[in-house]
Each structure stands twice: as structure tokens, then as C-alpha cells.
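Asker: Below are the chains, spelled out letter by letter.
4 protein chains.
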Amino acid sequence: MEVGFIGVGRMGLPIARNLLAAGHSLIVYNRTRSRAELLRDNGALIAGSVAEAAGAEIVMTLLADDHALEEVALGTDFLSRLKRGAIHVSMSTISVALSRQLTEAHAKAESVFVSAVVFGRPTAAEARQLLVVAAGPPDAAERCRPLFTAIGSRTEVIGSDPPAANAFKLAGNFLIAAAMESLGEAFALLRKSGLDPARFLEIMTGTLFAAPVYKIYGKLIAEEQFSPAGFAVPLGLKDVRLVLAAADAASVPMPVANVVRDHLLTAQARGRQELDWSSLAKVVAENAGL
Amino acid sequence: MEVGFIGVGRMGLPIARNLLAAGHSLIVYNRTRSRAELLRDNGALIAGSVAEAAGAEIVMTLLADDHALEEVALGTDFLSRLKRGAIHVSMSTISVALSRQLTEAHAKAESVFVSAVVFGRPTAAEARQLLVVAAGPPDAAERCRPLFTAIGSRTEVIGSDPPAANAFKLAGNFLIAAAMESLGEAFALLRKSGLDPARFLEIMTGTLFAAPVYKIYGKLIAEEQFSPAGFAVPLGLKDVRLVLAAADAASVPMPVANVVRDHLLTAQARGRQELDWSSLAKVVAENAGL
Amino acid sequence: MEVGFIGVGRMGLPIARNLLAAGHSLIVYNRTRSRAELLRDNGALIAGSVAEAAGAEIVMTLLADDHALEEVALGTDFLSRLKRGAIHVSMSTISVALSRQLTEAHAKAESVFVSAVVFGRPTAAEARQLLVVAAGPPDAAERCRPLFTAIGSRTEVIGSDPPAANAFKLAGNFLIAAAMESLGEAFALLRKSGLDPARFLEIMTGTLFAAPVYKIYGKLIAEEQFSPAGFAVPLGLKDVRLVLAAADAASVPMPVANVVRDHLLTAQARGRQELDWSSLAKVVAENAGL
Amino acid sequence: MEVGFIGVGRMGLPIARNLLAAGHSLIVYNRTRSRAELLRDNGALIAGSVAEAAGAEIVMTLLADDHALEEVALGTDFLSRLKRGAIHVSMSTISVALSRQLTEAHAKAESVFVSAVVFGRPTAAEARQLLVVAAGPPDAAERCRPLFTAIGSRTEVIGSDPPAANAFKLAGNFLIAAAMESLGEAFALLRKSGLDPARFLEIMTGTLFAAPVYKIYGKLIAEEQFSPAGFAVPLGLKDVRLVLAAADAASVPMPVANVVRDHLLTAQARGRQELDWSSLAKVVAENAGL
Numbered sequence: 001m002e003v004g005f006i007g008v009g010r011m012g013l014p015i016a017r018n019l020l021a022a023g024h025s026l027i028v029y030n031r032t033r034s035r036a037e038l039l040r041d042n043g044a045l046i047a048g049s050v051a052e053a054a055g056a057e058i059v060m061t062l063l064a065d066d067h068a069l070e071e072v073a074l075g076t077d078f079l080s081r082l083k084r085g086a087i088h089v090s091m092s093t094i095s096v097a098l099s100r101q102l103t104e105a106h107a108k109a110e111s112v113f114v115s116a117v118v119f120g121r122p123t124a125a126e127a128r129q130l131l132v133v134a135a136g137p138p139d140a141a142e143r144c145r146p147l148f149t150a151i152g153s154r155t156e157v158i159g160s161d162p163p164a165a166n167a168f169k170l171a172g173n174f175l176i177a178a179a180m181e182s183l184g185e186a187f188a189l190l191r192k193s194g195l196d197p198a199r200f201l202e203i204m205t206g207t208l209f210a211a212p213v214y215k216i217y218g219k220l221i222a223e224e225q226f227s228p229a230g231f232a233v234p235l236g237l238k239d240v241r242l243v244l245a246a247a248d249a250a251s252v253p254m255p256v257a258n259v260v261r262d263h264l265l266t267a268q269a270r271g272r273q274e275l276d277w278s279s280l281a282k283v284v285a286e287n288a289g290l
Numbered sequence: 001m002e003v004g005f006i007g008v009g010r011m012g013l014p015i016a017r018n019l020l021a022a023g024h025s026l027i028v029y030n031r032t033r034s035r036a037e038l039l040r041d042n043g044a045l046i047a048g049s050v051a052e053a054a055g056a057e058i059v060m061t062l063l064a065d066d067h068a069l070e071e072v073a074l075g076t077d078f079l080s081r082l083k084r085g086a087i088h089v090s091m092s093t094i095s096v097a098l099s100r101q102l103t104e105a106h107a108k109a110e111s112v113f114v115s116a117v118v119f120g121r122p123t124a125a126e127a128r129q130l131l132v133v134a135a136g137p138p139d140a141a142e143r144c145r146p147l148f149t150a151i152g153s154r155t156e157v158i159g160s161d162p163p164a165a166n167a168f169k170l171a172g173n174f175l176i177a178a179a180m181e182s183l184g185e186a187f188a189l190l191r192k193s194g195l196d197p198a199r200f201l202e203i204m205t206g207t208l209f210a211a212p213v214y215k216i217y218g219k220l221i222a223e224e225q226f227s228p229a230g231f232a233v234p235l236g237l238k239d240v241r242l243v244l245a246a247a248d249a250a251s252v253p254m255p256v257a258n259v260v261r262d263h264l265l266t267a268q269a270r271g272r273q274e275l276d277w278s279s280l281a282k283v284v285a286e287n288a289g290l
Numbered sequence: 001m002e003v004g005f006i007g008v009g010r011m012g013l014p015i016a017r018n019l020l021a022a023g024h025s026l027i028v029y030n031r032t033r034s035r036a037e038l039l040r041d042n043g044a045l046i047a048g049s050v051a052e053a054a055g056a057e058i059v060m061t062l063l064a065d066d067h068a069l070e071e072v073a074l075g076t077d078f079l080s081r082l083k084r085g086a087i088h089v090s091m092s093t094i095s096v097a098l099s100r101q102l103t104e105a106h107a108k109a110e111s112v113f114v115s116a117v118v119f120g121r122p123t124a125a126e127a128r129q130l131l132v133v134a135a136g137p138p139d140a141a142e143r144c145r146p147l148f149t150a151i152g153s154r155t156e157v158i159g160s161d162p163p164a165a166n167a168f169k170l171a172g173n174f175l176i177a178a179a180m181e182s183l184g185e186a187f188a189l190l191r192k193s194g195l196d197p198a199r200f201l202e203i204m205t206g207t208l209f210a211a212p213v214y215k216i217y218g219k220l221i222a223e224e225q226f227s228p229a230g231f232a233v234p235l236g237l238k239d240v241r242l243v244l245a246a247a248d249a250a251s252v253p254m255p256v257a258n259v260v261r262d263h264l265l266t267a268q269a270r271g272r273q274e275l276d277w278s279s280l281a282k283v284v285a286e287n288a289g290l
Numbered sequence: 001m002e003v004g005f006i007g008v009g010r011m012g013l014p015i016a017r018n019l020l021a022a023g024h025s026l027i028v029y030n031r032t033r034s035r036a037e038l039l040r041d042n043g044a045l046i047a048g049s050v051a052e053a054a055g056a057e058i059v060m061t062l063l064a065d066d067h068a069l070e071e072v073a074l075g076t077d078f079l080s081r082l083k084r085g086a087i088h089v090s091m092s093t094i095s096v097a098l099s100r101q102l103t104e105a106h107a108k109a110e111s112v113f114v115s116a117v118v119f120g121r122p123t124a125a126e127a128r129q130l131l132v133v134a135a136g137p138p139d140a141a142e143r144c145r146p147l148f149t150a151i152g153s154r155t156e157v158i159g160s161d162p163p164a165a166n167a168f169k170l171a172g173n174f175l176i177a178a179a180m181e182s183l184g185e186a187f188a189l190l191r192k193s194g195l196d197p198a199r200f201l202e203i204m205t206g207t208l209f210a211a212p213v214y215k216i217y218g219k220l221i222a223e224e225q226f227s228p229a230g231f232a233v234p235l236g237l238k239d240v241r242l243v244l245a246a247a248d249a250a251s252v253p254m255p256v257a258n259v260v261r262d263h264l265l266t267a268q269a270r271g272r273q274e275l276d277w278s279s280l281a282k283v284v285a286e287n288a289g290l
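These protein sequence lines are chains H, F, E and P, in that order.
Numbering-wise (the working numbering), the first sequence opens with residue 1 and increments by one.
Numbering-wise (the working numbering), the second sequence opens with residue 1 and increments by one.
Numbering-wise (the working numbering), the third sequence opens with residue 1 and increments by one.
Numbering-wise (the working numbering), the fourth sequence opens with residue 1 and increments by one.
Just so you know, the hints here were simulated from the structure itself, not pulled from any lab data.
No incorrect hints appear here.
In silico DSS-like links for lysine-lysine, alpha-carbon gap of 27 Å or less:
1. 215(F) x 192(F)
2. 215(F) x 215(H)
3. 238(H) x 192(P)
4. 192(H) x 215(H)
5. 215(E) x 215(P)
6. 238(P) x 192(H)
7. 215(E) x 238(E)
8. 219(E) x 192(E)
9. 219(H) x 215(F)
10. 219(F) x 192(F)
11. 215(H) x 219(F)
12. 238(H) x 238(E)
13. 108(E) x 83(E)
14. 238(H) x 192(F)
15. 192(E) x 238(F)
16. 192(E) x 238(P)
17. 238(E) x 192(F)
18. 238(E) x 192(P)
19. 219(E) x 238(E)
20. 215(E) x 219(P)
21. 219(E) x 215(P)
22. 108(H) x 83(H)
23. 219(H) x 238(H)
24. 192(H) x 238(F)
25. 238(P) x 238(F)
Away from chain H, derived, C-beta distances all over 12 Å, residues of chain P:
26. 38
27. 48
28. 49
29. 55
30. 64
31. 75
Note that CB positions come from ideal geometry on N, CA and C, so glycine has one too.
Excised from the complex, chain H in its bound form:
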């Protein structure tokens, strides 16, 4: 398929490469053009403007946050440049509120909005191991499926209302953060009781907690391997803020999300912007005098 592709960041780059490898044609735009140029050897065309990339039948955006996506999708001629019936697939972790706003803006512009969030760190993106969770008009979601198949190991279409995918993503990221926090607390207790967290982790992830999240983050936390960051503290904080904003809008108290936010705030206050968000467990350990 012909795909406009906007946003070549840490996730965007491997995703674009996998789309190209699967035979799709990409016209790529990135604000810092040199990042887009990295894809030229993989066969991508490089767009000089948002408008140029917006001319394709399907346009994917992989931008850093609400602000960046808002700027591109609502602050440029993006919407007016889309062909009638063209599909905008947003893959960013954004607020439910912005997703709602974009759904409405596309309806007015007679284009189609699909929200397709991804779970997985950059290494998973490279390995085509992402989980893609999409929501949008069924026809449009189906038309995009080959793209999702090219970048991930599993695709789930969960409904026709795009913001559902964003709420899903936020709930999922919260679950990950909560697991990290819990591991941090359990490990602090074990360490101060003279036990080895690694042994605990090995047994738990061999049985009751035999899940990728516990294995991957548990190892990072047990070994205190917070650098280089797969997903840095400010990004983690951004996501937890989105979780809490969605919870606030829906009048849902989420006390564990508060705990996670506070520990990430402390990480940030201590200048750990470069560490992985799993370093919230380092704050937990420090609070125990470790």
C-alpha cells in the first residue's frame, strides 16, 4: 500500500522499516529531516512537508505526544490535504480527549480516523513483536490490517470508536507501571530481609507470574539496570499523566497510579531524565534506605 508516514522517532524508525520490508510504499515526513533520510536506503520517499505525506490513501502518525500530534494534525493543513475517504492512523500514546477531538475533526473533514496503539519497546518494534490494538470504523480498520501485520505479532481490533484504543493503551500502560512499582516494593522488602530478589523473581516468573512484563521489568529492577533507557522517565511520566487525566475525566480514583506518578516525579526531581521508567523502583528502594 501507499502510506504517508509522519514521525520517525525511536518507535517510528523500526516500524517504518518493517512496513518497507513488507513491500509497502512510504512517503516519510519528519520535522528533523535527517531522521527521515535514514529510511531512504530502505526505499522510502522523503516528504518535504506534512502536506506532501498527507496525500497518500493511508497516513500514519507516530508522534511523541499530544502536543506534537495536535500541531501536525490540527495546526497545519494536514486535514485539508487528506483525500476524501483517506485514513489517518494515529499510533501515538495520546490522551483520550485528543483522540475524541481528532475523531470529530476527521468526521467533519470527510476523512477517516483510526487509532491504533502499540505495546512494546523499541527492540520489540525492530523484531516485529508489537501488539497492535486498533479502534475505528470496521472497513478502515480492516484496510489497515496488512500494515499492522507487517509491524507486529498480533493485531486486535477492539471497536469502532477510535478513543477506545487510547483508553485501552492507557489502562495497559498503567498495568505495566503498577507491576513495576509492585516489584520494586516486594524487592525492597526482600533485600532488607536479607533475601535475593533475583531468586524470588526467578521462582515467581516461573510460576504464578510467568509473564513477559514481570520477566523483562523484573530483571531490569533486580539488576538495577536502568540505563540505557528503553522508555525514559519523562515518557513514563507523560503516560501516567494521561492515565490520571483519563481517570479524572471519568471520575475514577486510581491510588496506585498516584503512587507511580509520585515516584516518577521524584525520579525526575532527582535529575534522572535519562533513566528508564522502571527506575521508579530505585526511588522505592531509596525510600527504604537502600
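Keeping the supplied structure of chain H fixed, place chains F, E and P upon it in accordance with the hints.
Answerer: Same frame as chain H, but now just chains F, E and P:
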């Protein structure tokens, strides 16, 4: 082996049956004798007193809490009735402090203390699917291994100091409770955002959270199936109290454990002693107006 | 003095009346004109537009929230209608961020921005018992002093940077909310222990806690008198959100603010928009099964 | 009156001195006899044993904690040495549970138990500025009133059931701790927003928060004057534990008490046993990177 067996509760009954089925000889004591009698058909001898059961080479206790174990092990002639070199295997979820006290009392009495905690609900006990985590003098732990093999699917000996097994168990139970709390919060957010928690759970436990704890408790919580209880609110509360007591003794703040405790306290204050401890998620939902 | 006055709400009305009673000339604008008309008998002129009220030397705004103030001050010709050197006195509880933005916008427009927040409920406003905390250029703050004196019992100028007054106000409101939450928790403990919170309150506020906040809110909470609202749940929630937004921007974890926010969210989720924000203590009591 | 006096600690010493100064006869026992000897010049008799002090008509105990009081009152011949109808006045901050136990033990021993807790730091004790809150049989409480008058500025008898005074004391200490925590959070926000907490404190305690607790602890916290300790971290922690134990027994979630406990645990984990309990605000500041 000849095994004294004290405590025929919801976990004790299936565990004793599996020991008998594996060919071990049991002399069983239970305060309410009729519970012990349930094992007569399986070939157990019934003891009329703690002292009688304490005469075996290995004596297992499966009592409800610190209080019950303290009463039997320190408040009767239990210790003095043990043969020199006999092994007391405590399988209860008790405090690290009592485990330490028993370790010392056995050292004085020239008997051996092994702490062997189990993970798994009564149905897992019936199915010989328990995870046994033991700590104690290596020789003694090895001698007990056939017993552990008879009742569970996996045995791990994590060290020579018995209280280590209790700290391990508390950290593990905390991790389970924290997962339930997190699921409860995520589901509340999803439900109030118009999404189906069951679908979310299915996708998450098919990928990042593909672990028994998330599958089992996630299903209970998504379906609000809190009765009959596999592990009731007061028992959950007891365990979280032990976690917080161990954390306090080790100067470890555990904010997520606080959240869990508070939600179980509310469950109790609302008269839900009969519900499963996963019903803490019901409190989370109620706090969101659900 | 000649004063433009924009925003005749629950606080604006008594404040305007006191300004008029002190001999100041007011030209009043309110979106719903009938509210402004209430002041005609007190001698106010009624403005037909924001622009009309903005022609005075000093223009006071008393608007509901960030959104309302932003709309008036940045979304109309307000700034361009101000005379060079005119003073805009904002008395609303708004975000530190908007206060910063207005400071900069006024600097560009060659007008002067003073942030002057008030502590006190509507009854205190009527009785000229407000505490006014102002920040802005010293000359401008001094020029406004007669106005502050006319509406409150105490005026404090805390600095030259307007957003300081907003941070001060948010910290102060947090302290009030935290006191209510604490009283709620203490009362729940006392009630469930068979003690009378009113007696406790009487003794405490006669000694260690002999302060208006404890007396006023303590009485409301002990008597569960949450209606009519002096300051309703949604307004309380708005303020706590501003506190947490300021804390987030400054990387400051505020766990007690989280607790307050969560209890107000539950109040809102239970449909208590009409109750006073002190009804967060009702949620605390309910969590204890009361 | 003739008073047996057991426990000459930081509070006991000035209290005993004030009793002696008011003309009462004291026979004083302290485990470390040299502490008791400090009172000889003030006219006290020195007892060689608990039993000796227990012979008076009224026996006051001012012991450090549950353990110390339990040891004296239940672990010695204390009860049997009391004359029939003698009054035991316990002034320690102890658990509601132990107070209940002592009430029952005294009933059996045909002696009378009065629980009379005190609010105030050692300096307040020296200055006869304590608040005494007593509960016990009305006759007995009245008989003790001259003693209370000799040591404090205000006496309140709140009921006939002794444990009520202990629950009152715990609720009161919680309120103090919560105020310190709240001040700590507000100050952290102000400091990181470039404001001076001292100025904020001055204005707030001159108006809405014009109460001794806010003035005294606010000053300690604003000036970070945590040493020498009026009431050290381990004592604060002990009291918060008692609050949470009483709350747990009554099924009352107290999330702010959890926050306080966690911050005191961190203070302790960082080796600050010598600092005042108001140093929990130091932990709050550190969490904000200050």
C-alpha cells in the same frame, strides 16, 4: 514417611489427602476432631492430642495464623514431645517474627525447624499444583522433599534460614494482591470509559500479562465473581497485615500495600467477610461510582 | 477609584457590593447580564461588553476558572482595550501557568498584571472578612490597596511576580483540604471507637487546633452538614487539580493532595456535585462502613 | 495527696516536679534509679521497687510504650500490691487494646483504672501547659483532678471508659502528624515555585491556621530545625503505629496516616532516629529533589 499432621483446614485437608495418596503414613490432629476424622477413610490415624501427633519424625503444621501456631507450638507440650532431631515443618502463612521465634525455640529444644510455605488456592492443593518454597537446614529440607513433591508441582529450597521462606511468601502474596488492585483500577477506568474489561483482559493475558495470577484473578474481577471465596477477605487482610508488619520491622515503606489494606478494610467494614479477597476490586469500582 | 469589574458570581457579588459601599465607582460586566443588574441599585454602571468594562484604570476579574478567565482576557479584545498602564487585577483561583501567561501578555500589551487571590467563603466576602494575598509590581499593588482594604480584613503583598500569589493560594487551599481530610479520618476512627467527634473537636479547637479552619470545617464535618454548599465538590476538585498541576510542573509529589483528589472524585462519581467540598469526609466515613 | 509515681522519663520528670511543687507527696520508682534520684531534692521519696510505689492511694505511671507499661502493670506484683480501691492513673500513649486489658485487669483486682493522656512536648510539661484528657469512673477521675490541675493548663474528663482517652489521644496525635505532613507538602510546593515558606506560614498562622500546632511545627519545618528532638522519629513512628492498629481494629482506612507512617519509616531507614518527628517533612522535601 511417618508424618504428624496438625491442622485440617481448607488447605490442610487436600494436602493431607495427597500425602496419604502418595503412600505416606499420617497421624492427624485437629482441634475440631470431626475434621480430622474426614481423613480416616484415606488411611490416616487420628491423634487425640497435639502430643500424640508430635511423636513422629516429621511433624507438619498447617494452622490458620500466628495465634493458632503459637498456641500449638509454644503453648502446649509440642516442643518437648518432639524427638531429638525431629523436623517441624510449618506450612502456614505466618509472620517473619514468629518464624524467627520458632527457629530459636527449636534450636534450644534440639529439634529442627523448616518453614515451607505454599502458593495456591484450595483447588490447586487438590490438584497437587501447589508451589512449595522452603527454607531450613539443607539436610532437613532434603529429607522433606518427597513430602513436598507429593503435594505440589514445584518445590524450591531458597536457603537455610527458615524465616526467609516466610518473607518470600509475604512478598509473593503482596505481589498477587497488588496485581488484583491494579486490575481493579484498570477495569474501573475501562468500564467508565465504555470499554469491556473482559476484552482487555483477554488481550493482555494473551500477551504481556500471560500469567496465571492475571488470568485467574482477572477473570474473577471482570466477572465480579467474588463468592464463594477461595481466600476470604479476613484472610487476605491478615496476610496484608503480615506484609506491612514485616515491612515496618525492616523500615520499608510499601504504599501499594497500604492501598490494598485500606480497600480490604473497607470490604470488611461493609460486612463482606464471606467474599473472596479479590473483592477489593469491588471497593475500587464503588469508589468510581460503579 | 474607577474600577471595571468582570464576573459577578458567588464571590464577585459581595465583593462588588463592598467596593461600591466603600465609595468606588464600578462598571460591571457579567456574561449573564441579569447578575450584573443586581448591582445597579448599589450604584454600579452596567457594561454591555468586556470592552466597555476594560476601559477603566483598574479592571478586576473574578471568574470561575482558567477557562473563563482565558476566554475573557485572551479570547476577546480585552487586552487591546486596556489603557496603557492600566492595571488588571485577577482575583480568581487559577493555575500558576495561566497567571504566568497573563503576566507575559500584559507586559507585551504595556498594561500591568496584578494577581490578588482571596481566602474566605461567600459569607466571609459579605462580611468584609477576606484575606487578600497579592503579587505584582509594587506600585500597582499599592495603588490597588484601597480596593483590597474595602473587601477584606487583611491584605498581604507577597512579591512582585504575579504567579506567586496563585501558588500561594493553591498551597493555602491544599492546606485547608488536607485539614478536612485529616478531620474526616480522625472522626471516622473516633466514631467507630464509640467516641463523639464533636467533643473531640471542641477540645482540640479549644487548644492545639484553635484555628478558624478547624473550627468551621470541623463543625460541618462533625455535624455532616454538607448542604447547602459554601464551596461545592466540583470547585474543590478544580482547585485540587490546580494544586496537583502546579506540583507536577515543579516535580513535587504531594501524596495527601492525591488522597484529597481521590475522595473528591468519589464524591463526584456518587453524584454529589451539590454538596460542599467538606463532604470528602463523608467518603472517608463511608470507606469505614459508616 | 500521696502518689506513687512510676516512670521518670522526658515527660515524667517535669510532671513529677510540678506535682511536688503543688504540695503532693511522691514516692517515685524508675528502673534506672539515678533518674528517680533527680527528684529527691524536690522532696520525693525514692522507691526501691514497683511494689513500694504501688502502695499509695493513687499510682501514676508514665512509661514509654505498651511494652514497658505491660511489664510493670501485668508482669510484676503491681496489681496485687495496690490497695483495694486504689487508683492507677496511666498517662502513657498506649494502645487502645492494652488500655482495655488494663481496665479489665483492674476490675478483677478491685482497683480502679483511669487513663489520663497528655498533649504537649517536654517544654509544655515544664511550663504546666499540658492538656490532660482523662477517662475513667467519674469519682476516681474527680479525685485525680487536683493532680491534673497541678501539671496542666486544662483538664477534660471525656467519659467513664478508660480506653476512650487512649483513642482520643491517638486521634489527636494523628491530627498533629497530618498537619506536619500537610505543611511539609505545601512548603515543598512553595519552595520549588520560588516562594518563601516562612512568609506563607506567617500569613496562614495569622489567619485561617492561627493554631499552636501550625505555629510550632510550621516554624520547625520552615526552618528545618529538626534537632534537638522534642519528640523523636521512633516515638512518632510508635504513635502512628498505634493509630493504624486502632484503625485496623475498627476497620477504618486512614490513608493520610499511611502517608505519615511511610515518611517516618523512610526517616528511620535513613538513620534519623535522633531527629524530631517533624523531620518527616524533610523526607517530603527530599522526594521533591530539595
